[in-house]
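Novice: Next come the chains, spelled out residue by residue.
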Amino acid sequence: MLTPEEREEIEAELPHYPTKRAVCIDAMKIVQRHRGWVSPESIRDIAELLDISASELESTASFYNLIHRKPVGRHVIWLCNSVSCWIMGHDRLREHLTKKLQIQPGETTPDDRFTLLPIVCLGCCDHAPAMMVGDDLHLDLDPAKTDQVLEGYK
Amino acid sequence: MTPITEKPLTQNIRADGGPVDVAGYERTGGYQGLRKAVGVTPREVVDLVKESNLRGRGGAGFPTGMKWSFVPVGPDAPHPKYIVANADEMEPGTFKDRLLVEGDPHQLIEGMAIAGRAVEADVGYIFLRGEYVLGAKRLRQALAEAYAKGYLGKNIAGSDYSFDLYLHLSAGRYICGEETALLNALEGKRANPRAKPPFPGVSGLFGKPTVIQNVETFCNVPHILRNGAAWFRGLSHGRDGGTKLYGVSGKVKRPGLWELPMGTTIREILEEHAGGMRDGLKFRGLLPGGASTDFLVEQHLDTPMDFTEVQKAGSRMGTGTMIVLDDQTCPVGMVWNLEQFFAQESCGWCTPCWSGLSWATKILSAIENGQGQPGHLDKLAFQAKFMGPGNTFCALAPGAAEPLQSALKYFREDFERHIREKRCPWRPS
Chain A
1 MLTPEEREEI EAELPHYPTK RAVCIDAMKI VQRHRGWVSP ESIRDIAELL
51 DISASELEST ASFYNLIHRK PVGRHVIWLC NSVSCWIMGH DRLREHLTKK
101 LQIQPGETTP DDRFTLLPIV CLGCCDHAPA MMVGDDLHLD LDPAKTDQVL
151 EGYK
Chain B
1 MTPITEKPLT QNIRADGGPV DVAGYERTGG YQGLRKAVGV TPREVVDLVK
51 ESNLRGRGGA GFPTGMKWSF VPVGPDAPHP KYIVANADEM EPGTFKDRLL
101 VEGDPHQLIE GMAIAGRAVE ADVGYIFLRG EYVLGAKRLR QALAEAYAKG
151 YLGKNIAGSD YSFDLYLHLS AGRYICGEET ALLNALEGKR ANPRAKPPFP
201 GVSGLFGKPT VIQNVETFCN VPHILRNGAA WFRGLSHGRD GGTKLYGVSG
251 KVKRPGLWEL PMGTTIREIL EEHAGGMRDG LKFRGLLPGG ASTDFLVEQH
301 LDTPMDFTEV QKAGSRMGTG TMIVLDDQTC PVGMVWNLEQ FFAQESCGWC
351 TPCWSGLSWA TKILSAIENG QGQPGHLDKL AFQAKFMGPG NTFCALAPGA
401 AEPLQSALKY FREDFERHIR EKRCPWRPS
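Going line by line, the protein sequences match chains A and B. Each residue of the first sequence is one higher than the one before, starting from 1 at the first, in the working numbering. Each residue of the second sequence is one higher than the one before, starting from 1 at the first, in the working numbering.
One or more hints might be untrue.
Unchecked claim - Here are some, though not all, of the chain B residues that point toward chain A, as calculated from beta-carbon distances under 8 Å:
{"no.": "1", "residue": "PRO92"}
{"no.": "2", "residue": "LEU169"}
{"no.": "3", "residue": "SER249"}
Unchecked claim - Derived DMTMM-like pairs (lysine to aspartate or glutamate); straight-line CA-CA distance at most 25 Å:
{"no.": "4", "chain 1": "B", "residue 1": "LYS189", "chain 2": "A", "residue 2": "GLU58"}
{"no.": "5", "chain 1": "B", "residue 1": "LYS137", "chain 2": "A", "residue 2": "GLU58"}
{"no.": "6", "chain 1": "B", "residue 1": "LYS154", "chain 2": "A", "residue 2": "GLU58"}
{"no.": "7", "chain 1": "A", "residue 1": "LYS20", "chain 2": "B", "residue 2": "ASP164"}
{"no.": "8", "chain 1": "B", "residue 1": "LYS282", "chain 2": "A", "residue 2": "ASP91"}
Read the hints as simulated data drawn from the structure, not as lab findings. Note that CB positions come from ideal geometry on N, CA and C, so glycine has one too.
Using the sequences plus the hints, can you model the full thing?
Specialist: What follows is the structure in structure tokens.
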């Protein structure tokens with residue numbers, strides 16, 4: 001079941017588009033903001049609200065990498081692996097993070113603190129290597145600075 | 001005549017990175033272009049932009065005024081018509097639209113509202129990549145200010161022109177930057193590109209006429225309206241009008257972004273603005289405008305960075321943000337990284353793309369990891385051709401072929417050495 005708050009936020013998007021279906025990506029992002037991910041149950045609930053079939057919504061959901069279809073940790077680390085960050089030391093940073101957190105990209109730490117995910121170019125190539133943690137952008141990273149940054153996320 | 005040191009696009013962008021609010025934007029002439037646009041006929045707006053020689057800044061360089069002129073206008077035209085800003089900046093190595101969106105959001109809003117006036121559009125969307133959290137916050141604020149001031153909504157600046165503008169935050173995937181894929185994403189579907197024709201100007205978002213353009217393109221429009229086409233052409237060193245945001249990333253002394261006259265040479269951007277290579281490193285080559293452009297090398301450094309001249313040198317200006325390869329970075333590793341990106345981001349629709357990129361990535365991985373075979377370079381050359389223009393549904397795979405084919409040309413000896421020595425010479429053995 002969608003909460004009244006989720007439903008209200010989704011319905012506020014409806015007047016911006018001529019079809020209900022067009023709101024489905026916003027709707028999934030709204031649910032994800034509240035729950036951390038989009039479960040199969042949420043897919044059914046959103047589809048029902050927007051008058052589309054659950055499988056149609058599933059086809060959209062499975063296309064986009066910012067829609068989580070599995071639970072994630074409290075903080076998602078998005079490590080940029082595109083070319084400028086690669087030149088400036090992405091591999092070293094990834095090795096450092098996988099060793100420090102004892103997880104591979106795509107995995108979550110056992111204490112649910114961090115999920116490590118790769119991300120394409122974050123558009124701050126003059127400050128490579130870069131990553132986001134949740135909504136926050138962190139620039140000009142090296143292993144020591146990365147350790148420091150992660151201390152801020154409990 | 002205005003001196004060519006003028007920087008209209010970045011004049012409001014503060015050194016501290018803070019955004020300019022609507023009052024600050026108006027102080028430097030903001031929204032005067034829109035006022036002018038609603039005071040003349042839509043046709044006059046289109047003609048002015050045509051005369052300015054503004055070309056699309058997303059990479060393809062299509063003439064903006066011409067694009068606008070394809071949209072049906074007049075009493076029989078279908079409505080609603082749409083204006084869409086492609087703010088899905090995700091081309092690896094590109095970081096220019098972030099600055100415009102975060103630093104001066106009203107400039108984008110005004111440019112879109114003027115475009116809407118030119119083609120008699122009703123609604124606009126800013127399609128912003130989801131990761132641009134700060135940009136989203138600032139655009140929301142700016143949209144609210146623009147509505148409150150009557151620059152958006154009903155009867156803009158007291159005229160008969162009405163235009164609504166909304167922010168849409170995307171959920172990822174590079175292919176959304178392809179304009180017809182972006183339209184499918186806005187409709188809530190999978191972002192597979194559409195067949196063209198019909199082009200979006202005739203049948204775009206929700207089947208209605210749509211103008212879709214890059215952020216930087218729209219940001220030029222208010223200045224053209226305010227200062228005229230001749231002024232805009234005069235900003236440039238060459239035929240294509242205006243200034244350009246140029247960027248440099250990689251191991252140079254001062255990576256960054258600069259607004260310079262269109263047609264500034266690669267050498268000036270690289271050496272004067274980016275400070276040249278870091279001490280101890282040698283320049284080997286660069287991708288002039290993002291991941292999907294052909295490598296250029298030493299002999300091309302005096303090429304002016306505009307659409308025509310970079311093409312003559314065998315590449316494309318693309319987004320104008322260069323990625324520099326130095327002599328301590330492995331060219332094979334770099335191309336492998338690029339092709340992995342394209343393989344991952346292929347939407348999987350057409351065979352040359354999903355199959356060609358998957359093969360290219362596997363072969364590059366083998367070469368980089370010491371398992372290269374003598375026939376591999378021919379296979380890579382074949383795949384680059386197979387993915388090339390005319391064989392695919394959209395420009396993703398042809399774009400991916402560009403760094404691959406040019407690396408095989410300029411860094412062939414490095415590929416051969418990997419195969420011969422069965423290892424990457426740049427990795428410690």
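Novice: Taking the hints in turn, state whether each one holds.
Specialist: Comparing the hints with the structure gives:
{"no.": "1", "hint": "PRO92", "verdict": "holds, 4 Å"}
{"no.": "2", "hint": "LEU169", "verdict": "holds, 7 Å"}
{"no.": "3", "hint": "SER249", "verdict": "holds, 4 Å"}
{"no.": "4", "hint": "LYS189/B with GLU58/A", "verdict": "holds, 10 Å"}
{"no.": "5", "hint": "LYS137/B with GLU58/A", "verdict": "violated, 29 Å"}
{"no.": "6", "hint": "LYS154/B with GLU58/A", "verdict": "violated, 37 Å"}
{"no.": "7", "hint": "LYS20/A with ASP164/B", "verdict": "holds, 18 Å"}
{"no.": "8", "hint": "LYS282/B with ASP91/A", "verdict": "holds, 22 Å"}
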